[in-house]
Amino acid sequence: MSAPARTSPPPVARGWKFERVSNPSLAAQILVPIASIIAALIVGSVIMLMAGENPLGVYREMFDGAFGSNYRRSETVVKTIPLLLTGLGVAVAFRMRLWNIGAEGQFYFGAVFATWVALYGLPSSGAWVVIPAMMAAGLLGGALWGGIPGVLRGYLGVNETITSLMLNYVAILFASWLVHGPWKNPVGFGFPGTVVFSPATYLPTWGTTRVHLGLVFGLIAAVILYFVLQRTRWGYEISIAGHSERVARYAGMATGRNMVIVMLVSGGLAGLAGMSELAGNGHSLQRELSPGYGYTAIIVAWLGRLNPFGIIVVSFLLAGLLVGGEQIQLSLGLPSAIAPMLQGIILFFLLGGDLLTRYRIVRVSTTKAAS
Amino acid sequence: MSDALTIGFLTSVLAAAMMSGSAILYAALGEVLAERAGVLNLGVEGMMLMGALGGFAVCSWTGSAELGVIGAVVVGGLMAAIHAVLTVSFQANQVVTGLALTIFGGGLSAYLGASLVGDPAPDRFSRLDIHLLGDIPGIGNILFNQNALVYVAYIIVPSLWLFVYRTRPGLNLRAIGENPATADAMGLNIARQRYMYVILGGGFAGLGGAVISLATNPGWAENVTAGRGWIAVALVIFGTWNPARVAAGAFLFGAVEAGQFRLQGINVPVSSFFLNMLPYVFTVLVLVFSTLRTRRLRIGQPAALGMAYVREER
Amino acid sequence: MQETNPATVRDHSIMPSASPLDEAVAMLGITKRFGPVVANDNISFVANKGEVHALVGENGAGKSTLMSILAGLYRPDAGELRIGGMAVNFRSPGDAIDAGIGMVYQNFMLVDSFTVAENVALGLQGGGIAPRLAQIETKLIDFSNRYGVGIDPQATIWQLSVGEQQRVEIIRLLIRGATTLVFDEPTAVLTPQESTDLIQTLRALAAEGFCVIFISHKLGEVEAVADRVTVLRHGAVVGTVNLAETNRRELARMMVGRDLAGALLEDAEVDPHEVGDVVLAVSELSATSDKRLPALGEISFEIRAGETLGIAGVAGNGQRELAEVITGLRPATGGSVLLGGRDITNAHPRTIARAGVAHVPEDRLRSGLVGPLDLAHNAILRTYRRAPIARGPMLATSAINRFTNRLIADYEVNPASHAARLRDLSGGNQQKLLLARELAGEPALIVAVHPTRGVDVGASEAIHGVLRGQRARGAATLLISEDLEELVALCDRIAVIYESELMGTVAPNETDAETLGLMMAGTRLDDIQLAASA
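Heads up: the protein sequence lines correspond to chains A, B and C, in order.
Mapping the first sequence onto my numbering, position 312 (from 1) lands on 312, and the numbers just tick up by one.
Mapping the second sequence onto my numbering, position 216 (from 1) lands on 216, and the numbers just tick up by one.
Mapping the third sequence onto my numbering, position 475 (from 1) lands on 475, and the numbers just tick up by one.
Errors might be hidden in some of the hints.
Stated by the list, open to error - Part of the chain B face toward chain A, derived, beta carbon under 10 Å:
#1 F9
#2 L10
#3 S12
#4 L99
#5 T102
#6 S115
#7 D119
#8 W230
#9 I231
Hints are computed from structural coordinates only; laboratory data are not their basis.
Glycine is no exception: its CB is placed at the ideal position from the N, C-alpha and C atoms.
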């Protein structure tokens, strides 16, 4: 009466299982993004070699173009500003596991509201009045646009990924309509856009560079966000709800309402980014105000591990990537599209590498209690 | 305004609708398959772009548009393979992975295709009039004076519909998206099926790209798809994951797109921008409606869409 | 561990089958361990063709593990498996299915949006691309006529009642060639009428020659449907008896165990204490379960300050819903809950907690604690909105750490650091932290559900000590547990819940194992006392 003896607990079915590790160590959290970047650069060079380019030369030129001189570094900072603000906005939502991919649309909506203030609301006011008003408008517009998927999700359970995505296009088309239609600049020179705003709306810049006040918005926002998330009651509720809706319910937290608030904040930050890009950089509402910041923001947030300070660093790096891309287009005649290409590859490695830090492969342990 | 309503105008719009809608149609059909298997693929735009480039490139090298199509399908499938590996095997977040693919696809296609911009296409899918059928007034012009890729769609749409709703593998596919635990218990290999359908979906997206670069706008230019991949994603929801309805939606969108070109000369009260918003707005409405209804009834979206499947111990 | 009472129990070895040809399933000498826990201890179990064999025991007795081995999900550490007289070795559930073993669980493996026929077709091997639904439909009608299991092959699953869905599961197994059917607590999800129908179906199947194994704790049903009964307790077989040769009392005693009698007689009341005013008054409370079946049927009881009321019963009879309704996590459909005279029926969970109700939930890691976060985050789950933990909208880190450290020290949680990750703690320490947190506000009422589940012996003792201490302080405690020894040790009174109703309330020193077992298996206290005095 003997069966094949087993010396160790046999696995169930397949035998291997990914088991979540409690919290990935800080070292892992930083190492994996770095390793992803390096791996991506390597893969990128392979692609470039196949296309007949010299990757080292390209990389050097990109680095140089982004960080090679004071002026260039400042230009990179200028590009950092919208990435930082939208990245923070996206991160807030992601923390609560709300997949807000509508940052692009929220950006535009904020810009639209701010434009209205600049051109029609307070067309002749001084800077001290119009700039705060535009800030408020940007926050409001973005919050509104983020609030729609927020309400749909918080109270109706509708998937926020798709709704926020769809609203992107509605917002972009709306802005395009305004720019081609009612707000069109009569002396446009063929570039569809509004009239240039009055100088009162221009955000002050730093010295001779084009780095504008938006940077301050971003840095302050990052610090505020960090404190709110780590140190306030509300941030605590977000944290709990992001980990487990059940525990949030057990503790009596108002999850639905929190979802709406989070989306309002998330959208608001993106809207503020739109306003600051307007008032600090473009000075008129144009169709191409954003070259996809809202989407790049998702990479920024993910790469920055949803941590406000990580996002500051990452937004600067990715801005460098974008600026470097533009540089090689100028100096080497290569497409600036190398930048998004590398961004995509970095994210692939990050997503794959994530697995190694957040999970470990475990032989299915059969210590489940008998039931 | 009365000009707009002549038969001739309508038929020319509808004929153009078939053509411009077919690109989105293929991409949307591919996404139907992937989402039915429970995988959300937001990388469709990137796959279409790579497909368009791949198709055009192969055509340029070989001189044959047919080979170009094959190249496009392969390229789309390879891109989708990345998505499959990350989301199925590595259980990465499907939303972020898909977006990474779109950004990557956009960048890679622009980079690799830079030297091909503006090159003339050595071959293309030109209009292939079908005699007899094509001579029927009205309908004939719309349906049977198209290029070969549109005719292929006539076959693929009903085939896919039959596949999903009337075959055994289609039944299994629907089960995986609805209730992967049950499908697993019934012996289906969830991972393998998801790989298959995601890659197949990518192939379709590549095909959709080829329609643009080899038929409707022959040639390559950066970002030639201009957001059609996103419309395809919207159409899948708008058409409630049903190939026939998705096809209708693609056709509708094509009509809107074709119509507004022709309407631009005429004073139409509604701006084209708002017309273009419609697919997106409708998609949101459909999604809200279907979510509210599926609370109890489970009709509509595959219940397990977007969630990685991990076999649990009982 | 074996108890013998020759007068009432036949014997404890395997009942010899009528003939080896009749044997459908033989599990001989099966032992299965999960780490230190022995789930099955040298179990021998034989079920024959054409019989309904009930497998009876409390939670933790080892029934599910044994059947999981039969289903090919686990492999035994020792023992032999024979199907139809032939030795087999299941390497996967697929092997078991091939051998004709069909399992019907409480969670049906059905796709809601498919029809019956489509569900049966799902995953079927062989036969080309067409699903051949028509063929399946014919087969379905044929089967349903044969076994009296009425099913419309074209009905969509979500439209069917639970009983009908269960029938679909059964038919699917039959169509796929199952010859032995195992039902895991099948009536738990059914209405009484559906349960009766099911019992008829099971008898019909047995009459057709199938072997039916029926896991249950409901002795009433076991009596109505089974030919033979095997009773498990603490992982071992207590005995296998023919139903015709035994009675309910005997079965109940076998289920619950004689060693309990010792504890009961010894009178666990070690610390005499005073009992005060009524703290919790539950009056005709009703609620439904997630599956929209009645979970609580007009239950009434009271608990006074300084008193611990235990709720005994096999899991799934309404305990979870009771705890959830009292703590505000589930709506009451009728009746009322009064806390110190104040109506808290259907109040918000936070209001209830503030009013002085502590909740130790049944699954701490899913409901009450967040694994990836540190002890401090978990400790303040109840107190994060008020001083001193919160200063206005901000959280006061130093106060939080102080608070957490105090809890850790008072309850001897290990590792003793507020920054430790909760997931890294042992089950016992996690539970201690949860208790510490819930009891920090000196609540008037403690609702504790399976407080020592998954907790090592040392921590269990500590937790028991805590609960006794709370009782001495004057808290009223509602202790829901499947562990009768725990209940006897801690409670002043024990109520037994069965199918949404209370069968009766007894004091531990005035009852016996048999009575408790009978109540847990469906007999009211009044009826037991009536029968006893007859």
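Subject >> Violations among the numbered hints >> reply: Hints 1, 2, 3 and 7 not satisfied by this model.
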